[in-house]
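Chemist: Line order of the protein sequences matches chains E and S. So the first sequence is numbered by our numbering: it starts at 1201 and just counts up by one. So the second sequence is numbered by our numbering: it starts at 1029 and just counts up by one.
A hint or two may mislead.
[Claimed, not checked] For lysine-lysine, the following DSBU-like pairs were computed, each having C-alpha atoms within a straight-line distance of at most 30 Å:
no., chain 1, residue 1, chain 2, residue 2
1, E, K1271, S, K1385
2, S, K1382, E, K1271
3, S, K1333, E, K1266
4, S, K1214, E, K1266
5, S, K1385, S, K1361
6, S, K1113, E, K1266
7, S, K1104, E, K1266
8, S, K1298, E, K1266
9, E, K1271, S, K1368
[Unchecked claim] Partner residues aside, some chain S positions facing chain E, computed with beta carbon under 8 Å:
no., residue
10, S1039
11, T1045
12, E1095
13, A1116
14, N1384
15, A1386
Worth flagging that the hints you see were computed from the coordinates, not collected in a lab. Here a beta-carbon is modelled for each residue, glycine too, at the ideal position from N, C-alpha and C.
So you can see what is in the structure, the chains are spelled out below.
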Amino acid sequence: MSTNCRRRLIRDFKRLSTDPPGGISGSPCPDNIMLWNAVIFGPADTPFEDGTFKLMLTFDESYPNKPPTVKFLSRMFHPNVYANGELCLDILQNRWSPTYDVAAILTSIQSLLHDPNPNSPANAEAAQLYRENMKEYVRRVRATVEDSWLDPDEQVAMEQDSAGQA
Amino acid sequence: MASMLDRLLASDISDPTDFPDAATAPGLRAFDDAVRCTICREFYDAPVTLTCGHCFCSACIRSALPEQQTCPTCRKPASEVHIRKDVAMETAVQAWKNARPLILRLASEEAARKAQPPQPPHARHDSSHSERTGNKRRRLQSPVIVSEDEVIVVPSSPAPSGSSISDSLPDTVLCPVCQKQVPSQKINAHLDSNCKRFLAEGSTSGSGPAAESSKSKQKQRWNQLFSGGGTGSGAPPRSKDKDKDKDREKGKGKARATPDTDDEPEHLPKVAYDIHPQKRIAEMLAEWDLPTHGDKAALTRRHKKWIVLYNANVDRAPVHRRTLDQLRGDLRKAEDAEQKTRKETVDDPVAYQKANKAAFAKLTEAARPKKAVPATAIPAVQTQAEDHGGQTTDSAKTGASLVTAEDVIDVDSEGS
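Chain E with its partners taken away, still in its complex shape (with noise of 0.2 Å):
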């Protein structure tokens, strides 16, 4: 049964969990080694600061030759992830290299979010505030950074108040 891959999963979670990088964690689901759940902790000294970012990572046997797929769950403002939490970063697709593990992706988003890429948007809205109006996209991450401190129920009825006002 623990074919390659799922060594390979197994002590990068040994790896995590020992030797952990500062604001992040991971661990996967008790049923299946394949999905991990993961938490950013938005970087000091970022509008993100303090915020309890989720995401999940969906790996398949063809781990580590091929990067797994990341995805938000938690609701973001950021020049590089889409609407439905997934992510625009080169090392998730033609720069992923097989001694990447899950440390490195987390470690990896988690510097995105301090150093977005304005160049290759995926929220078009995020990265021209990024651009032009700094101190708007600042209100908005921050809008974002509380959502994050939400349970999901309170979430969603945090998005369909303002979806209401708008």
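Dock chain S against chain E, hints included.
Modeler: Chain S only, in chain E's frame:
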């Protein structure tokens, strides 16, 4: 639920994190990591290098290169023709695999010993030379047996001549070159001065005819050493044929084309599957007694995988090579694993988060950045880690944060 994750962590899959951290066992984690492939994280199996010098399992890099023609570590351009076996690494891996269980046991004992509260400093037999270098020298010279909390110094039989270390000169060592007693702290300077300076006062063993004879004996021994055993009782003289064999063996890895390596199996060439009809690919599989069911894509995948497995097997040392039947088994296993795979999709992130609320709460606590801790604030960190003990995803994490705190202490105390 959490116990399932704990079981994963405790599973019988070896990892560098099995060893204590660098403060307790310096270099062991790093070493265990250094003999593992950075792609699969297993010990190197048929290690090979690219032109940039980075090392991988043969099968790992042969599977990775078709995806991207660069080194997975440094991204320098790479291709399969650059792959060279790393025979030395293969030997090192084998040796480490043999040594690992013992080292692991010793390292855990050391970790357990360190974890115990420090015992009051025991009275040393010789308080006169508490200086560090002095102690080190003494330890080198005579084996010390540590039992519980008392130190017994067992005088070693003084090597190699007959002169003895007199107990009246506890702070001296025998110079390995001139066989005279030298104050232990001055031994380096003594050696630098060609054994002329810093002789210990009252050192009697260094003069007279006895010393002369021991000196010549010493010389003889060195000569024996440098002449590779020679007439001594050391290594038996090596036959010339044996040397030749060894040279040939060495040459194999480097120059595959030399005529005396024709017993070495050849790598299989790449196949341009696009230009071949399905029937031809099925024939190619049949040549190796491999299953021929499935469409063209499946046949192509199978044959590609076979080439990877076969060529990786060629890169193994002959003693570690698998038989063709074993390779066929490996291929079957790999195909079975691929079939199982279906990437899960989560359509409703809200429902999913709700269902995994507890898991995410744990993860959030685990990820919460610890405020930068100066060395003075360490007790605070420890209590914090203990408080979280009940909540964190796994006890290993709690242990890790404690360990980090210890790191800080150790580094500091050593620096001062």
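Chemist: Decide, hint by hint, whether the structure agrees.
Modeler: Quick rundown of the hints versus the structure:
1. E:K1271 to S:K1385: Roughly 17 Å between the alpha carbons, so the hint for K1271 (chain E) and K1385 (chain S) holds.
2. S:K1382 to E:K1271: This hinted pair holds, its Cα atoms lying about 16 Å apart.
3. S:K1333 to E:K1266: holds, 16 Å
4. S:K1214 to E:K1266: At roughly 60 Å apart (the allowed maximum being 30 Å), K1266 (chain E) and K1214 (chain S) break the hint.
5. S:K1385 to S:K1361: violated, 36 Å
6. S:K1113 to E:K1266: holds, 25 Å
7. S:K1104 to E:K1266: Since the Cα atoms of K1104 (chain S) and K1266 (chain E) sit roughly 19 Å apart, the hinted pair holds (cutoff 30 Å).
8. S:K1298 to E:K1266: Satisfied, since the Cα-Cα distance of roughly 21 Å is no more than 30 Å.
9. E:K1271 to S:K1368: Distance ~22 Å between K1271 (chain E) and K1368 (chain S) Cα, so the pair holds.
10. S1039: holds, 6 Å
11. T1045: holds, 4 Å
12. E1095: With a closest approach of 6 Å, the E1095 (chain S) hint holds.
13. A1116: A1116 (chain S) check fails; min Cβ-Cβ to chain E is 22 Å, beyond 8 Å.
14. N1384: holds, 6 Å
15. A1386: This hint is violated: A1386 (chain S) lies away from chain E, its Cβ roughly 11 Å from the closest one there, beyond 8 Å.
Against the hints set out earlier in the document, violations occur for numbers 4, 5, 13, 15.
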